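**Student:** Sequence:
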Amino acid sequence: MNSVEAAVSDAFHADWGRIVASLIGRTGDWDLAEECTQEAFTQALVSWANDGVPERPGAWLTTVARNRAFDRLRRRASETRKLQEVSVTSTHIDAIDVVEMDEEQIPDERLRLVFTCCHPALALEGRTALTLRTLAGLTTAEIARAFLVPEATMAKRLVRAKQKIQRAGIPYRVPPRHLLAERTAGVLAVVYLLFNEGYGASSGADLVRVDLSAEAIRLGRVLAALMPDDPEVLGLLGLLLLTDARRAARLNDDGDIVTLEDQDRTRWDGALIAEGFHLLGAAGALESAGPYQLQAAIASCHADPEATNTDWEKISNLYEQLAAIMPSPVVSLNHAVAVAMAHGPEAGLARLDELEAQGSLSQYHLLPATRADLLRRLGHRDAAAVSYRQALALAPTAPEQRYLQRRLREMEETPAP
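So that you can map any letter, position 66 of the sequence shown is 122 in our numbering, and since no number is skipped, the others follow by simple counting.
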């Protein structure tokens, strides 16, 4: 990649969402905004190679994209009224000879964009796809690959989401104060979903999809910059960074899972861990402990360079607090693990019995996998093997299947004491 391509790539990651949001805010046309923004980046590859990279790439790109959008509106006879409404304040500047706008004159409308993409009237799958498309700039094909669906299926999801916004009259705005907390939680849930799908894929040959988790972190940084006083926004970003810091050590050279207690912690990203702790501290200073802050606090307990120093009692207490404000079977399962590590496998198994009786995790592979691990720690090889087989039948990814097969072989091959 040459210097111009690198500059365009950097600008894409930094400015795509900002430019698209700006054009949507002025034209109300989502497709036009995306098309003109893409054309601006294509033009940059040519112009910057000839004239050099501008001092303010984002302003240059915004000017080009905006001019192209206004030109198209001018050429559409049926769009005369819309053109009058967008209040063109400057004369057209040819895209090849751009006079850059002052970046301070370009309002950052990404917050309005993210709240619109994540409106509760949209289906969750549509919110996720639209967020990746408009804010992160992923192509339809890239989003389809990320979620293992055909490109045509993902294209339909995007079209439906945009049509829903238009038909339902979903406003392009940050919600009023009395709806802000509820809607912010929905936005954070989309970013969290994206990260989890990238960090621990729900299906397929790979456990980790680095590109997807990286996009979630980038969106988390955008939200933290736009909402620096929201403790849950800071807590979510801290959680993502503390978790992603361990990514390099999660798999060995053969692509097999390495459990947290066996990971080479020297491979963890110390800079991400430090930033995660900083964000967690900043969120805590705002005195409003929500679910993402609690999960970030749990992740921070796992960040010690020595696995033996892990404070499982504290983790257990944090999970208990999390379950009180965000009850779910998965939280209860994680709490059971923490109880087992703090108070012994028998205590954890008792909690697993309660969960199993509820039946809500009957198709979730980590329930029998957790039972198998606790039975293994107690030396109950035959019972552990039964649970490993149950987990193996439900495991969605190849690395998880290989891990469970390896554990199962250990139970079958280890001689009885």
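I should point out that these hints are in silico values taken from the structure, not numbers from a laboratory. Owing to the predicted nature of the structure, the values given are computational and were not obtained by experimental measurement. There may be inaccurate statements among the hints.
Unchecked claim - Think about it this way: if two alpha-carbon atoms lie no more than 20 Å apart in a straight line, the pair counts; the simulated SDA-like pairs of lysine to any residue are: (1) K212 - P176; (2) K212 - T195; (3) K218 - M283; (4) K218 - L88; (5) K370 - R323; (6) K218 - G193; (7) K220 - Y248; (8) K218 - V230; (9) K218 - A177; (10) K218 - D87; (11) K220 - G84; (12) K218 - R407; (13) K370 - A398; (14) K220 - T209; (15) K370 - E412; (16) K370 - R407; (17) K212 - P231; (18) K212 - D87; (19) K218 - N252; (20) K220 - Q414; (21) K212 - E91; (22) K220 - P231; (23) K212 - Q222; (24) K220 - L180; (25) K212 - E198; (26) K212 - D85; (27) K220 - T196; (28) K370 - I381; (29) K212 - L180; (30) K370 - D312.
To be verified - Quick list of the computed label-pair ranges, beta carbon to beta carbon: (31) S59 - P176: 13 to 21 Å; (32) A330 - Y228: 36 to 44 Å; (33) E466 - T98: 53 to 61 Å; (34) M382 - G311: 47 to 55 Å.
Using N, Cα and C, we set each Cβ at its ideal position, and we do this for glycine too.
**Student:** Does each hint hold? Answer for all of them.
**Tutor:** Status of each hint after checking the structure:
no.: 1; hint: K212 - P176; result: holds (19 Å)
no.: 2; hint: K212 - T195; result: holds (13 Å)
no.: 3; hint: K218 - M283; result: violated (25 Å)
no.: 4; hint: K218 - L88; result: holds (12 Å)
no.: 5; hint: K370 - R323; result: violated (25 Å)
no.: 6; hint: K218 - G193; result: holds (15 Å)
no.: 7; hint: K220 - Y248; result: violated (23 Å)
no.: 8; hint: K218 - V230; result: holds (17 Å)
no.: 9; hint: K218 - A177; result: holds (12 Å)
no.: 10; hint: K218 - D87; result: holds (9 Å)
no.: 11; hint: K220 - G84; result: holds (14 Å)
no.: 12; hint: K218 - R407; result: violated (45 Å)
no.: 13; hint: K370 - A398; result: holds (9 Å)
no.: 14; hint: K220 - T209; result: holds (16 Å)
no.: 15; hint: K370 - E412; result: violated (25 Å)
no.: 16; hint: K370 - R407; result: holds (18 Å)
no.: 17; hint: K212 - P231; result: violated (27 Å)
no.: 18; hint: K212 - D87; result: holds (14 Å)
no.: 19; hint: K218 - N252; result: violated (25 Å)
no.: 20; hint: K220 - Q414; result: violated (37 Å)
no.: 21; hint: K212 - E91; result: holds (18 Å)
no.: 22; hint: K220 - P231; result: holds (17 Å)
no.: 23; hint: K212 - Q222; result: holds (15 Å)
no.: 24; hint: K220 - L180; result: holds (13 Å)
no.: 25; hint: K212 - E198; result: holds (14 Å)
no.: 26; hint: K212 - D85; result: holds (18 Å)
no.: 27; hint: K220 - T196; result: holds (18 Å)
no.: 28; hint: K370 - I381; result: holds (17 Å)
no.: 29; hint: K212 - L180; result: holds (14 Å)
no.: 30; hint: K370 - D312; result: violated (30 Å)
no.: 31; hint: S59 - P176: 13 to 21 Å; result: violated (44 Å)
no.: 32; hint: A330 - Y228: 36 to 44 Å; result: holds (37 Å)
no.: 33; hint: E466 - T98: 53 to 61 Å; result: holds (55 Å)
no.: 34; hint: M382 - G311: 47 to 55 Å; result: violated (33 Å)
The structure does not agree with the numbered hints 3, 5, 7, 12, 15, 17, 19, 20, 30, 31, 34 stated previously, though it agrees with the rest.
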